[in-house]
Structure formats: structure tokens, C-alpha cells
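Undergrad: Please construct the entire structure, taking both the sequences and the accompanying hints into account.
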Amino acid sequence: MAHIKLPEGIPGIRSLAMYRPETGQYIFELVQILLRGESSISEAERELIAAYVSSRNNCNYCMKSHAAAARFLFGDKQHWVNEVLTDIDQSTVPQKLKALLHIAGKVQILGKEVKEEDIMRARSVGANDREIHDTVLIAASFSMFNRYADGLASWTPTDPGHYEETGRRLSQKGYVFPQPVN
Amino acid sequence: MAYIQLDENLPGLLSLLEYRHDTAKPIRELTQFLLRGPSSLSEGERELIAALVSYKNQCKFCTASHTALADLFLGEPFTAAEMKHNLKTVLIDEKLRALLQIAALVQQNGQNVTNEAIEKAKAEGATDIEIHDTVLIASLFSMCNRYVDGLNTFTPSQPAFYREMAEKLATTGYA
Chain A
1 MAHIKLPEGI
11 PGIRSLAMYR
21 PETGQYIFEL
31 VQILLRGESS
41 ISEAERELIA
51 AYVSSRNNCN
61 YCMKSHAAAA
71 RFLFGDKQHW
81 VNEVLTDIDQ
91 STVPQKLKAL
101 LHIAGKVQIL
111 GKEVKEEDIM
121 RARSVGANDR
131 EIHDTVLIAA
141 SFSMFNRYAD
151 GLASWTPTDP
161 GHYEETGRRL
171 SQKGYVFPQP
181 VN
Chain B
183 MAYIQLDENL
193 PGLLSLLEYR
203 HDTAKPIREL
213 TQFLLRGPSS
223 LSEGERELIA
233 ALVSYKNQCK
243 FCTASHTALA
253 DLFLGEPFTA
263 AEMKHNLKTV
273 LIDEKLRALL
283 QIAALVQQNG
293 QNVTNEAIEK
303 AKAEGATDIE
313 IHDTVLIASL
323 FSMCNRYVDG
333 LNTFTPSQPA
343 FYREMAEKLA
353 TTGYA
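Which chain is which? The protein sequence lines are A and B, in order.
Everything in the first sequence is counted per this note's numbering, starting at 1 for the first residue and increasing by one.
Everything in the second sequence is counted per this note's numbering, starting at 183 for the first residue and increasing by one.
Just so you know, not all the hints are guaranteed correct.
Claimed, not checked - FRET-style restraints, in silico, Cβ to Cβ:
| # | chain 1 | residue 1 | chain 2 | residue 2 | range |
| --- | --- | --- | --- | --- | --- |
| 1 | B | Asn294 | A | Gly126 | 33 to 39 angstroms |
| 2 | B | Met183 | A | Glu83 | 32 to 38 angstroms |
| 3 | A | Gln25 | B | Met183 | 32 to 38 angstroms |
| 4 | B | Glu200 | A | Gly174 | 22 to 28 angstroms |
| 5 | B | Lys266 | A | Pro7 | 32 to 38 angstroms |
| 6 | B | Gln290 | A | Lys115 | 18 to 24 angstroms |
| 7 | A | Gly126 | B | Gln290 | 32 to 38 angstroms |
| 8 | B | Lys207 | A | Gly9 | 30 to 36 angstroms |
| 9 | B | His203 | A | Thr86 | 36 to 42 angstroms |
| 10 | A | Gly9 | B | Pro220 | 24 to 30 angstroms |
| 11 | B | Ser222 | A | Gly174 | 31 to 37 angstroms |
To be verified - Straight-line Cα separation of at most 25 angstroms, BS3-like style, residue types lysine-lysine; simulated pairs:
| # | chain 1 | residue 1 | chain 2 | residue 2 |
| --- | --- | --- | --- | --- |
| 12 | B | Lys242 | A | Lys112 |
| 13 | B | Lys242 | A | Lys115 |
| 14 | B | Lys238 | A | Lys115 |
| 15 | A | Lys173 | B | Lys207 |
| 16 | A | Lys112 | B | Lys238 |
| 17 | B | Lys302 | A | Lys5 |
| 18 | A | Lys115 | A | Lys98 |
| 19 | A | Lys112 | B | Lys266 |
| 20 | B | Lys266 | B | Lys242 |
| 21 | B | Lys270 | B | Lys238 |
| 22 | B | Lys238 | B | Lys277 |
| 23 | A | Lys115 | A | Lys96 |
| 24 | B | Lys242 | B | Lys270 |
| 25 | A | Lys77 | A | Lys98 |
| 26 | B | Lys242 | A | Lys106 |
| 27 | B | Lys238 | A | Lys106 |
| 28 | A | Lys5 | B | Lys304 |
| 29 | B | Lys277 | A | Lys5 |
None of these hints come from the bench; they were simulated from the model.
No residue lacks a Cβ here, since even glycine has one placed at the ideal position from N, Cα and C.
TA: Laid out in C-alpha cells, this is it:
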């Protein structure tokens, strides 16, 4: 049961956005720009950063939703998602993505855990300022979304089919503010 | 030195908001609504939540900024200083203490917020909206603290800098 009275049958952050649209509108705007806006990091890679941070925060709803979106967007490379969520060091993702995920993992612990050598490593495999910035901000934003979804004990569906559908919707339509159900 | 090329004349979050404007907009507007928008929690109380979370996340820039703002809105510097070390005993009303305790749990991880912590806040008169906003403010600062420190932004060391910024922010707001 959620800690406050939320709309029923609506999962995770979607129920929170509907409960308080005054704040929900900005949250959807931010996540849409971060994960779908112009960037040299692909949408699939950004979804994987989101899933990786959510996994480390044990936020099941966010992890399963963004992992599903990443699988849809990666297509024939979708095995990368499970690899990263299981053991990032053994994963076969490209070196630049691995270095960015490593920075995201540090941000998940705490901002000050990101060290000069983490940044140098990412630069040495081709990451630029903007990619490093966006990685840190995506990881920081999911440190917010995960706490928001779990801190109010919003509903986490258990049916795997739910996340399959969510992944498809997110990969096709992006982050659209949920309309109230009448 | 910051990890990426930022405006050297701007400190902390301000340098990041200037670096990328499209992401800055919803961050500014969300912060403005949560900390300055209509609420049954006072601006001073909401700044205390921001200061406590920033302190626990060891983010010096955000802690100094929001402590200065809390001091300004509350009209005294004792509550913010005492709260960081003795949340259980600091002289504040019990509803605020219960909400700050929820914020401290959110800072650790969302799942750490217990039914007991929520029940305590409700028993002291906290409404659903107040609990919601407390959790979201604590979550928002879990983001801002990581953003500011994760890119190693410039943190001024003079207390006067934060007092002056607080006076400006108290008037202009965040948006």
C-alpha cells in the first residue's frame, strides 16, 4: 500500500504525477529532454544508464521499466541490458558506454565519489564534456525518481507483461504526461 | 577544477544551469514550486529539508546555500545548525521533526521510508500533500547534490558569499 492516497491501478511515478500534476509536469519534461532530447548518447544507451542506476538503488519499478525500454531500443543488441545489470565489468558494451556507466554508478553512491580518474578514463575512450554532463545528470535524476517512487511506496506491478508494454510505449512515444482516467 | 568546461565565474549548481538551458528549465521550475510555491509548510521549513538532505549527502555548496536560506526565512541560525547534529532533540514542532525524519530516510534510499515514520508524521498532523512534498524535496536534493558534486563544480568558501546569495534568492526565487 502506498504511503499516501494515490490514484488506484496506476504504477510508480505515473501515479505520483497524476496525484500532483503541479510537480509532475516538470518531472515529465525533465525526463523527456534527458532521455529523448538531442544527444550524441543514443536513446537506448541513456535508457540503460537509467536502468543501471535504478537497479543499484533497488527501485524495481524504474529498473524494469527502463530496462524494457532499453531492450526495445537496442534491438539486436538487447543482450547488453542483462549483461550490464548482471555484471557491468564482464559486459560486452562498447568501452565508452562502459566508462559512462561507471561514472553513473559513482553518482548513484554520492556525487563526491566521482573522481578525476573516472572522468579521464571516459575521455580516453572518446567521451566529451556534454556526454559526461548528461551521464551525471541522468544518474542524478534517477537518484531522485527512484527515491520518489519508493519513498511513497507507489505501486510496483509484478506482471512481466506490464513492463513489456511499458518498454514498447516508452520506446515509441517517449515520456508523455499521463492523462487522468475518468 | 570542475570536470567539464563551465563558466568560471559561476559557483555550484548555477554553473550547471547555465551550461545546459533546456534541462535547467524544469529543474528551476520544480525547485521554485516545491520551495516557494503555495504550501502549508513554510519557506523556512522547506529550506530546512533541503539543508538537511544536502548536509547528509555531504554537498558543501548546497548545504551552505540552503542553510543560509533557512536562517534567513526563520530569522535565526540555531535551528538549522542544531538540526544537522541532533534531529531528535532540536527544538522544533513535532510535525516538522517527523517530516525531517522522513526526509533523512529518503536521503538513504526510498525503500528506507518505513510505515512507522509515515504514521508518526500523520499522528503529528501531517497531511498527504505535506508528506508527498517532503519526499519529493528530499528526492530533488538527492539529485541536485549529486549533480553539483558529481561534476566537481566550484564551491566558494566564504560564508559571506552564501549570505548574499540567500538574500538574493529569497527575493527572486529559483525560476
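Undergrad: If a hint holds in the structure, say so; if it does not, say that too.
TA: How the hints compare with the structure:
no.: 1; hint: Asn294(B) - Gly126(A): 33 to 39 angstroms; in the structure: holds, 38 angstroms
no.: 2; hint: Met183(B) - Glu83(A): 32 to 38 angstroms; in the structure: holds, 34 angstroms
no.: 3; hint: Gln25(A) - Met183(B): 32 to 38 angstroms; in the structure: holds, 36 angstroms
no.: 4; hint: Glu200(B) - Gly174(A): 22 to 28 angstroms; in the structure: holds, 26 angstroms
no.: 5; hint: Lys266(B) - Pro7(A): 32 to 38 angstroms; in the structure: holds, 36 angstroms
no.: 6; hint: Gln290(B) - Lys115(A): 18 to 24 angstroms; in the structure: holds, 23 angstroms
no.: 7; hint: Gly126(A) - Gln290(B): 32 to 38 angstroms; in the structure: holds, 35 angstroms
no.: 8; hint: Lys207(B) - Gly9(A): 30 to 36 angstroms; in the structure: holds, 32 angstroms
no.: 9; hint: His203(B) - Thr86(A): 36 to 42 angstroms; in the structure: holds, 37 angstroms
no.: 10; hint: Gly9(A) - Pro220(B): 24 to 30 angstroms; in the structure: holds, 29 angstroms
no.: 11; hint: Ser222(B) - Gly174(A): 31 to 37 angstroms; in the structure: holds, 34 angstroms
no.: 12; hint: Lys242(B) - Lys112(A); in the structure: holds, 10 angstroms
no.: 13; hint: Lys242(B) - Lys115(A); in the structure: holds, 17 angstroms
no.: 14; hint: Lys238(B) - Lys115(A); in the structure: holds, 19 angstroms
no.: 15; hint: Lys173(A) - Lys207(B); in the structure: holds, 22 angstroms
no.: 16; hint: Lys112(A) - Lys238(B); in the structure: holds, 12 angstroms
no.: 17; hint: Lys302(B) - Lys5(A); in the structure: holds, 16 angstroms
no.: 18; hint: Lys115(A) - Lys98(A); in the structure: holds, 16 angstroms
no.: 19; hint: Lys112(A) - Lys266(B); in the structure: holds, 19 angstroms
no.: 20; hint: Lys266(B) - Lys242(B); in the structure: holds, 13 angstroms
no.: 21; hint: Lys270(B) - Lys238(B); in the structure: holds, 15 angstroms
no.: 22; hint: Lys238(B) - Lys277(B); in the structure: holds, 20 angstroms
no.: 23; hint: Lys115(A) - Lys96(A); in the structure: holds, 17 angstroms
no.: 24; hint: Lys242(B) - Lys270(B); in the structure: holds, 23 angstroms
no.: 25; hint: Lys77(A) - Lys98(A); in the structure: holds, 14 angstroms
no.: 26; hint: Lys242(B) - Lys106(A); in the structure: holds, 18 angstroms
no.: 27; hint: Lys238(B) - Lys106(A); in the structure: holds, 17 angstroms
no.: 28; hint: Lys5(A) - Lys304(B); in the structure: holds, 13 angstroms
no.: 29; hint: Lys277(B) - Lys5(A); in the structure: holds, 19 angstroms
In summary, the structure agrees with every hint in the numbered list given earlier.
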